[in-house]
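Those protein sequence lines, which keep their order, are chains L and G. Sequential numbering from 1 applies to the first sequence in full-length UniProt numbering. Sequential numbering from 1 applies to the second sequence in full-length UniProt numbering.
None of these hints come from the bench; they were simulated from the model. The structure displayed is predicted, hence computed values, not measured ones. Please note that a few of the clues may not be correct.
Pairs of lysine-lysine residues, derived as PhoX-like cross-links and limited to a Cα-Cα distance of at most 20 Å, are as follows [stated by the list, open to error]:
id, chain 1, residue 1, chain 2, residue 2
1, L, LYS116, G, LYS987
2, G, LYS40, G, LYS86
3, G, LYS411, G, LYS388
4, G, LYS358, G, LYS411
5, L, LYS139, L, LYS116
6, G, LYS86, L, LYS116
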Amino acid sequence: MVGGGGVGGGLLENANPLIYQRSGERPVTAGEEDEQVPDSIDAREIFDLIRSINDPEHPLTLEELNVVEQVRVQVSDPESTVAVAFTPTIPHCSMATLIGLSIKVKLLRSLPQRFKMDVHITPGTHASEHAVNKQLADKERVAAALENTHLLEVVNQCLSAHP
Amino acid sequence: MAAVATLETAAPTGALWGLVHDFVMGQQEGPADQVAADVKSGSYTVLQVVEALGSSLENPEPRTRARGIQLLSQVLLQCHSLLLDKEVVHLILFYENRLKDHHLVIPSVLQGLRALSLCVALPPGLAVSVLKAIFQEVHVQSLPQVDRHTVYSIITNFMQTREEELKGLGADFTFGFIQVMDGEKDPRNLLVAFRIVHDLISRDYSLGPFVEELFEVTSCYFPIDFTPPPNDPYGIQREDLILSLRAVLASTPRFAEAPAYPRMCERNACCAGYGQKELKDFLPSLWSSIRREVFQTASERVEAEGLAALHSLTTCLSRSVLRADAEDLLDSFLSNILQDCRHHLCEPDMKLVWPSAKLLQATAGASARACDHITSNVLPLLLEQFHKHSQSNQRRTILEMILGFLKLQQKWSCEDKDQRPLSGFKDQLCSLVFMALTDPSTQLQLVGIRTLTVLGAQPDLLSSGDLELAVGHLYRLSFLEEDSQSCRVAALEASGILATLYPAAFSSHLVPRLAEELRTGESDLTKGDGPVKCSRHLRCMQALSAVSTHPSIVKETLPLLLQHLWQVNKGNMVAQSSEVITVCQSLQQVAEKCQQDPESCWYFHQTAIPCLLALAVQASMPEKEPSVLRKVLLEDEVLAAMVSVIGTATTHLSPELAAQSVTRIVPLFLDGNVSFLPENSFPSRFQPFQDGPSGQRRLVALLMAFVCSLPRNVEIPQLNQLMRELMELSCCHSCPFSSTAAAKCFAGLLNKHPAGQQLDEFLQLAVDKVEAGLGSGPYRSQAFTLLLWVTKALVLRYHPLSSCLTARLMGLLSDPELGPAAADGFSLLMSDCTDVLTRAGHAEVRIMFRQRFFTDNVPALVQGFHAAPQDVKPNYLKGLSHVLNRLPKPVLLPELPTLLSLLLEALSCPDCIVQLSTLSCLQPLLLEAPQVMSLHIDTLVTKFLNLSSSPSMAVRIAALQCMHALTRLPTPVLLPYKPQVIRALAKPLDDKKRLVRKEAVSARGEWFLLGSPGS
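Chain L extracted, bound-state conformation:
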């Protein structure tokens, strides 16, 4: 489902991207340490899941490239829904599907099953926004993509904590 090329070698599409500050670790509050108080899943928690995903072509995280931002995460714990919009660094980025797939897989692995998740491109930031969104929303295609050893390898590399 992904246009392949460019991964691991060859010229970078966006060789000199703007780099953004990393947000620090989320400070632990007294409420979080209290056994009794339930902490609902909030936007920051989702953001913390995806912000450290590695970019497929830069030695940088999605957060540092501003591909994901906390404001673009919508979550409702009671309704079990998550929506994440991501912004490719350039409008013709061929990595867009791969990035979306990485985010989706990270969420699939990290969120309770009850969640319905929607990963899409920030409107108006990519040339083939519609096509990419459609692929990301298609469960069958996502599943098939993860059967592809090469793709799975790249996705795992993006999700690996120690590159």
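Given the structure of chain L, go ahead and fit chain G onto it with the hints provided.
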């Protein structure tokens, strides 16, 4: 030899045969030149020489073969220009083949190849073939220097004439050369090798994936510390080597892409050892490469190294001694840097401001001259920019940069008063800082506060008017609301720092305002006004303690705080224990700040302690009509707060002054002598050790705070009586607070008492008392507490009796009544106390007491566990857990495998503390000893997964961390469990606690990666 044999034959000449024989068998050197001269003159052909050599080239004796080839090579060296294409082909084939020969032969073979490498008639493809053969067959670095030099010469010759062909080899050529050069030590050879590296790069040979290796083998010579021997016949100078290596390192933008680049920068930092002369030529290229790195890099490491290199470059330039007529390189270098950076500071989009500022600051941090030059150029620019930008976050960025430059000023203390570069900007800087302090953005305020502190630290910069304004701002900021907590804390900290520098300004402008605030607060509290006032009140006290950093200020703030406590005690206010605790915390902070200055320390002790004791004694007096308010002072928490004030105010006293104090305080408790207390007309006597009101007994905690903090050599009056009273009280069943305080006080004194007859007597008394108490009766638990504290006192000082008492304690683990308490007692034995038996309070605490306790007692605990009946086993596990928990992990790790079976059993123990401690012991074991742990994979997976749904959040977290650590075990062991684990870990992903979910996410993520491509 077959190859050569196919050469055209010619008639052998008798003379030639003779010469060859003399050279090969006769070991004479002369014939070689003769043969060469004859070949040159056309008397024989090369082929004839080969034929004459004939048998010696095939001789089974390697020495003879070597000699034969040597002759041929020497002839070729002189006659290579005469060779024909065809001859060259055959000779090369012959020589390549001989590279496989005996090592004695190799030097001559290389000579021959060197001769052939000079051949103009070399057909295409042969250069590559020769080099390949050398790379493959010869281990160059094990050859003597001359022969290594020959190899470099061959490479150099080919690079000069066959560049295109060599490039056809691609990165293999680079790799081969790296192998040749790796480990080269001789300066003569290095000179040639550096030249080759330089050419590889400058002529754009393919480095392929070997950029870093190439960089490694060259940069490892940096900096060059070669000193030629006094009679060096080769005339190689240190400078020659430096220059050729510099040529390599400085001309290589491609090295900058190597991950190793930072290391070169690091070594560049050694250039502090080089003088101006050597640096001059490289300055522009070094600067441009550093600048490029800092501007473009994504890696913090590369950036930091680049900045460090710039810093040391500038230092070097600043230090070098100039000849009278030479230009000062520093000035031109600084101008260069300013020119390249300043415009970035002024660009409206502020894209490259940070890298530019960092470069400028790294430069300015190198020397006083650099700092002055840069600061005087940059500050006006930044001041102007601050006003041009109106958004708070832009202003913050600019102020942060200004702050960076101001901080650098502190590094260079100017001796010369007239040359303070900042004085010209002072007014502008002050108004800018005050603007920041009043900005709505907290971030900008924070930077403003830090800048103010740095400005204040500049000697004689701020005028008294500036200070008054500054203090006003700090006063305002000290009362900020909860949501600007960080700002308030920063303001308090700044007040503390500035107060040490400008005590007068704070005494006259801040303390009176705080005093006023406190007074109005008191009257408000009397009216019982709401929590708003209360919090303002609290901040006021925090501000008072924050500025108590100078002795003269303490003399004003301490009375204010104590006065406030009196007000509380008089019952004039609606006071809660929290109010008193807050005052005590403020007092505590003041006491900490006084510790360093002996005079303030004594002042605080002398003023605060009698006052606190008087208040407490007053509160403990029996009353006709009991008042709720006064009893506040006797509450556990309040007394604990007072204990820490008294302790802090005592530990740093000099022994003489402490002795003075002890002669008043001990009689107060033993004899009820209240004469030194202020306002001491109490309604009845103070007799805490008699059967007086129970409140009085509680004050023994205050006595404990004092006597247990005294220096060890201070003699305590009436010690014998005091110890007996304390022991009696510790086993008296009044209230646990006072009996525990008495036991702690007794233990604290025991710990410091010198060994000898008196100590043995005290111990005997204590042991008798404990045994009598533990037997049976109403005060078993008090006797147990005494035992525990006495044991701790002795364990800490390695007293011989400690093992006996520990054994007694261990025996109590199977006691149906005291068992659980005894198990928890091990936690107390192993942990650090805050009030007694502390190092700060001069207790005798041996550094390794935990390790020693572990070694002495763990075997007995394990044995006890196995022998114990089922119902008390958890007590042993818990005791063991406490011991393991407190031990430094590196000490514990080697012991753990022997405890493994016990630990695995402990995983099934229902007690949370045992579970937690067991998990925390297993987690490092999983990381350190995966092979041993693999044997238990089945148990581990099952138990960890069970514990990941424990009711205790800490246990769930620890269990999931262990699940994560499991992934370090060998993958084949884990794979059978992968589907099961991934399914099971889906559940904690939905845990109600975020901290648990976080661990579940990382554990599950790692399990997904197991055995999966790309992991």
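Okay, the hints, checked on the actual structure:
1. L:LYS116 x G:LYS987: Distance ~16 Å between L:LYS116 and G:LYS987 Cα, so the pair holds.
2. G:LYS40 x G:LYS86: 18 Å, holds
3. G:LYS411 x G:LYS388: Roughly 30 Å separates the two Cα atoms, so the pair is violated.
4. G:LYS358 x G:LYS411: Distance ~16 Å between G:LYS358 and G:LYS411 Cα, so the pair holds.
5. L:LYS139 x L:LYS116: 11 Å, holds
6. G:LYS86 x L:LYS116: 78 Å, violated
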